[in-house]
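Colleague: Below, each chain spelled out in residue letters.
Number of protein chains: 2
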Amino acid sequence: MEKFSVVLIDQGERTTVEVPVSEEVPLTLEVNGKELATLLATPEHLKNLVTGFLFTSGFIREAAQIKSISIDPERWKADIIAKGEDFADDLVFKRIYTSGCGKGVIFHNPLDLFNRVRIVSDFRVQKEVVRELVKVFQRYSEEHALTHGVHSAALASRDEILIFRDDIGRHNAMDKVIGEALYSNMSFTDKILLTSGRISSEILSKVLRCRMPVMAAIGAPTNQAVKLARQAELTIAGLVRGSKIFVYSGEERLF
Amino acid sequence: MEKFSVVLIDQGERTTVEVPVSEEVPLTLEVNGKELATLLATPEHLKNLVTGFLFTSGFIREAAQIKSISIDPERWKADIIAKGEDFADDLVFKRIYTSGCGKGVIFHNPLDLFNRVRIVSDFRVQKEVVRELVKVFQRYSEEHALTHGVHSAALASRDEILIFRDDIGRHNAMDKVIGEALYSNMSFTDKILLTSGRISSEILSKVLRCRMPVMAAIGAPTNQAVKLARQAELTIAGLVRGSKIFVYSGEERLF
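Chains as they are written, first to last, in my numbering: chain A, 123 to 377; chain B, 123 to 377.
Derived by calculation from the structure, the hints in this document are not laboratory data.
Be careful, since some hints might not be right.
In this list, chains with the same sequence are indistinguishable; a pair is considered to hold if it fits within one copy or across any two.
What the hints assert, rightly or not - Each computed SDA-like pair below joins lysine to any residue, with the alpha-carbon atoms no more than 25 Å apart:
{"hint": "1", "residue 1": "K125", "residue 2": "P142"}
{"hint": "2", "residue 1": "K366", "residue 2": "S263"}
{"hint": "3", "residue 1": "K189", "residue 2": "M123"}
{"hint": "4", "residue 1": "K349", "residue 2": "H270"}
{"hint": "5", "residue 1": "K257", "residue 2": "G319"}
Required output: the full structure, derived from the provided sequences and hints.
Modeller: Here it is, written out as structure tokens:
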């Protein structure tokens with residue numbers, strides 16, 4: 123966070139106050155010496171971000187494919203040494219992405235991608251547990267409390283939040299959580315993904331990529347996200363606010 | 123909007139309810155027969171979106187450079203006939219973008235782009251007017267009230283909201299407003315841009331591209347947005363909520 127001196131107008135009164143503001147950096151990913159993408163992100167947990175991004179974008183299947191990541195905090199460059207068939211294809215590198223919302227690039231049409239994915243899992247969770255996890259999740263972010271400028275994502279078991287990450291982009295926050303989970307070899311198939319934002323097909327595709335059985339969001343899904351989730355038999359609990367949970371898909375996993 | 127039958131859990135009770143959900147379509151832009159980008163967007167006002175996107179991404183300088191746009195609602199393809207130096211460059215078309223948050227692609231590093239832009243304008247507006255416009259703005263979206271799944275943007279004079287657009291992505295909502303303004307030859311230099319979301323450098327760059335003097339947001343800016351706005355002498359009123367307005371930049375335009 124960076125502090126700025128700003129003018130606060132409150133009921134006609136002008137005062138000068140110091141306020142913390144979330145930081146944004148343009149992180150350029152170079153894989154094996156070639157530029158792949160530029161992500162606008164909060165400067166914390168950038169190695170998590172790189173790993174999660176390469177995984178959810180389909181470039182790697184596991185963290186072990188990344189030999190090294192070094193971040194240059196002067197030029198905001200991530201030098202990545204990785205093996206992967208895609209990285210041998212020069213065409214990939216002709217697509218330089220700078221993305222929205224502090225991120226969210228994917229390299230395919232998400233509506234085509236996941237037609238054949240089906241979440242086969244007997245994981246179930248009590249509805250009260252989901253509500254309680256979301257309550258804790260909403261109060262978890264110190265940065266959000268201070269700046270109101272970040273989205274959050276988390277990976278939770280039925281008992282507690284295991285990994286929590288903030289970012290100026292909700293896609294980034296999710297990639298950071300997934301990147302950390304990959305590094306620590308955490309299984310996804312008995313976990314719940316929490317997000318502070320809305321669920322588009324791109325957000326849903328990240329969860330599908332991990333084969334997570336349940337996601338819970340404070341925001342609402344789009345129609346494509348609902349359709350994809352129903353096809354894949356993934357549980358979406360959306361608009362989890364107050365005493366309400368809307369279950370758009372896979373209600374049998376909530377009891 | 124599309125209606126889905128979903129399970130509502132409220133205080134232990136399960137009921138089945140019909141809920142409206144915002145629609146998401148993958149719109150592929152083909153300029154002069156060549157594929158440029160795929161945007162995930164709400165299917166309304168797609169010609170506005172195309173025009174605004176081409177303008178804020180720096181491909182066109184005015185709406186007149188677009189000869190025609192035809193939208194195929196079966197394949198979600200926008201066929202655009204346009205003139206512009208950039209479109210003669212084949213390299214541009216090698217970069218196929220699919221973007222985040224239902225959109226937000228830009229073709230440059232926004233932190234480099236606007237170093238030389240300065241908003242020279244004696245436009246001023248009363249703080250009470252900004253607060254009142256934001257109040258009206260927040261209640262304006264029928265779709266948001268129904269689905270909670272869209273962001274909004276608007277262009278306002280000191281008197282009223284002139285153009286209002288919704289989208290599943292906040293970048294798209296802004297591009298739709300700007301596209302409509304370009305078509306109707308509306309001047310930007312005496313207008314206020316309203317947004318329901320946060321202000322990243324990418325969002326700020328769209329406002330700078332139009333030379334709008336004032337933007338007001340319900341969300342917070344990032345540090346880069348504040349720095350760019352101060353350099354460019356653009357007014358940012360952020361976190362406009364309840365009785366409070368935080369003026370991060372250009373306070374002399376609010377009186």
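Colleague: Each hint: holds or not?
Modeller: Taking the hints in turn, this is what the structure says about them:
no.: 1; hint: K125 / P142; verdict: within (4 Å within a copy, 41 Å between copies)
no.: 2; hint: K366 / S263; verdict: both (22 Å within a copy, 22 Å between copies)
no.: 3; hint: K189 / M123; verdict: neither (30 Å within a copy, 46 Å between copies)
no.: 4; hint: K349 / H270; verdict: between (31 Å within a copy, 18 Å between copies)
no.: 5; hint: K257 / G319; verdict: both (14 Å within a copy, 22 Å between copies)
This entry does not satisfy hint 3, going by the numbered hints stated previously; all others are met.
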